[in-house]
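Number of protein chains: 2
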Amino acid sequence: MSTEERVRAALEERRAVVNEAIRDQLPVKRPERLYEASRYLLDAGGKRLRPTLLLLVAEALTDTHPRDESYRSFPDLGEEPVDVMSAAVSIEVIQSFTLIHDDIMDDDDLRRGVPAVHREYDVETAILAGDTLYSKAFECMLATDAPPEREVRALEELATTCTEICEGQAFDVDFERRRDVTTDEYLEMVELKTAVLYAAAAAIPAILLGADEATVDALHGYGIDIGRAFQIQDDVLDLTTPSETLGKQRGSDLIEGKQTVVTLHARDHGVDVDGLVATDDPGAVTEATIEDAVAKLEAAGSIDYARDLADELVASGKARLERLPDNEARALLCDIADYLVEREY
Amino acid sequence: MSTEERVRAALEERRAVVNEAIRDQLPVKRPERLYEASRYLLDAGGKRLRPTLLLLVAEALTDTHPRDESYRSFPDLGEEPVDVMSAAVSIEVIQSFTLIHDDIMDDDDLRRGVPAVHREYDVETAILAGDTLYSKAFECMLATDAPPEREVRALEELATTCTEICEGQAFDVDFERRRDVTTDEYLEMVELKTAVLYAAAAAIPAILLGADEATVDALHGYGIDIGRAFQIQDDVLDLTTPSETLGKQRGSDLIEGKQTVVTLHARDHGVDVDGLVATDDPGAVTEATIEDAVAKLEAAGSIDYARDLADELVASGKARLERLPDNEARALLCDIADYLVEREY
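In order, the protein sequence lines correspond to chains A and B. Here my numbering runs 66 ahead of the position in the first sequence, where the first position is 1. Here my numbering runs 66 ahead of the position in the second sequence, where the first position is 1.
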């Protein structure tokens, strides 16, 4: 099997049990409209990449390949069973809360092929659904039955992660108004907005299962590395993948004037980035304009720079996994890292 | 001194140190606009009733009257000092987050005499400021240095409280669309939207300081009772206090068609509540119309019913405090209960 096939199989194998756990821990109860809205995006699909990552770390650390139910009483590294599934649900619920609120802020209409929550319901309900998921995520993280000192550390990780995601979103909004953003600032924003949640997904099972400090740190670093690589690859794919494959206009970041690691590198190397696509009307932009813009970015070495950066991050992330026992789950965590930069959309 | 004077003095005595703690634990750092927006409402004032309640419970339980700094290393009931101030900040920060998001949902322009955060900044920033405060509140609750098993219980209380506040707000929104709300439903909504945060403020210091289960439960009950009494008294004051004293139009709940414990009782006793104030244009409503409406509500016994209910709740709340040592702080907790129904605005 290819990397992609192995990753897809690993996700597929765990999706049903993650979905069932989400339904269990977020039942639709009174007030129904609130809980329906809270579940709407979660029920609309999603790869469940972050919860799967969390479960794979738990499997790798304990050298286990569990069947469905045993995620609820996972053998820890000492004697006490831990409900790692509840932690996995917590991470997915945080992801869902941030998407709901981000879609309001960005006034995006669609998410996962269905209307955004504030479109399907209304802005008030969407704010409140996000707020409900926020505290529910903490409730889930408090339901792992891990020893209290580990629970506290996992909650600290969760709380600081949420604060950082908000900071990342604030930087992202701020950067739209600025034309002097540096690559370092951009990478900091990506780390906060995107990578810290991968880091939490990788580090928290290690905390809950009682892994040593160096292992927790290594897994946290793995999450940061692959989260950054994921976003950089997204920036590259926007330029290099045909619109039909992307499912959206190729070069949309250029058209919207969005700054990415590619455009920031190009600007630093003398390219008139704002002049690459002279209009902000997507309908008026031809494929030839995009081709031409991409050719200029390639000539400046900006696309290769971004690809190299993503490759380096993936290599760094994979190296950190060497602290884990050598088993199938660890191999899948390496595959996920590779997949994030090998994917074509 | 009168009850009101004693309560005001107790609040005044602790306000400066609470304010300083808020500034310490929520410094304005990068991204500045986000943290400025997060601090905006907190800096605009507020009585600090909930954090003061929390500090008074800590003082009452440990029979201490601390000077400022010692709230940070409060003597617990065993041997370990606990930072109860950090818990007090957490509760105030949650209150602030809910107000910021509620003002967006209700599209209210003013709060504490200054523009609401989404007016002073924008809706996007206000959503994000609320989200930041949300996780910061958990970070503060994780910074008390209490033993981990107590931290975990305090966090459970905090997380379920936040979920309940969201549920209460959802019921409140739902009730605006319904004309068949029962008094029990209304009181459940008030408990969720308002009273649970008082309950958390009263119960959490007992949890953190290691009080026994019955004391924690009693304090939780005290918070629920006085929180409900507070809201019911608000409903009464809207009808009985002159506009000049209220700082807003007397009878505004009637004009807006808002259902309260008073109007629900009246409807159950044959009053045509929707006909009391026939217009929804506040400018067109005369003082005589309001006088007449209040007279009808009085004749139906609805205002006395609400007053009696609030008085009963306050008496119940005070009785629960008998589990605490008999000291000045406990007397002030009784005073706060009395003050909530004796106040005239």
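No lab work stands behind these hints: they were computed from the structure. Be aware that a few hints might be false.
Where chains are identical, the list cannot tell them apart; a pair therefore holds if satisfied intra-copy or between any two copies.
[Stated by the list, open to error] Pairs of lysine to aspartate or glutamate, EDC-like flavour, derived with a Cα cap of 20 Å:
1) Lys-324 to Asp-109
2) Lys-314 to Asp-283
3) Lys-95 to Asp-250
4) Lys-95 to Glu-230
5) Lys-314 to Glu-102
6) Lys-324 to Asp-168
7) Lys-384 to Asp-173
8) Lys-113 to Glu-254
9) Lys-95 to Glu-254
10) Lys-384 to Glu-357
11) Lys-324 to Glu-70
Here is what the structure says about each hint:
Neither within a single protomer nor between protomers do Lys-324 and Asp-109 lie at most 20 Å apart by alpha-carbon distance, with minima of 30 Å and 34 Å respectively. In this homomeric assembly, Lys-314 and Asp-283 never come within 20 Å of each other (Cα to Cα): the closest approach is 37 Å inside a single copy and 55 Å across copies. Proximity of Lys-95 and Asp-250 under a CA criterion of 20 Å is satisfied inter-copy only: 18 Å between copies versus 46 Å inside one chain copy. With identical chains, the CA atoms of Lys-95 and Glu-230 are at most 20 Å apart between copies only, with a shortest distance of 12 Å across copies and 31 Å within one.
In this homomeric assembly, Lys-314 and Glu-102 never come within 20 Å of each other (Cα to Cα): the closest approach is 29 Å inside a single copy and 36 Å across copies. Taking identical chains as interchangeable, the C-alpha atoms of Lys-324 and Asp-168 lie at most 20 Å apart only when both belong to the same chain, with a minimum of 16 Å there against 32 Å between chains. In this homomeric assembly, Lys-384 and Asp-173 never come within 20 Å of each other (Cα to Cα): the closest approach is 36 Å inside a single copy and 49 Å across copies. In the homo-oligomer, the alpha carbons of Lys-113 and Glu-254 never lie at most 20 Å apart, since the shortest distance is 25 Å inside one protomer and 38 Å across protomers.
Within a single copy, Lys-95 and Glu-254 get their C-alpha atoms only as close as 40 Å, which misses the 20 Å cut-off; across copies the closest is 15 Å, which meets it. Proximity of Lys-384 and Glu-357 under a CA criterion of 20 Å is satisfied in neither setting, with 34 Å inside one chain copy and 75 Å between copies. Taking identical chains as interchangeable, the C-alpha atoms of Lys-324 and Glu-70 are never at most 20 Å apart, the minima being 29 Å within one chain and 57 Å between chains.
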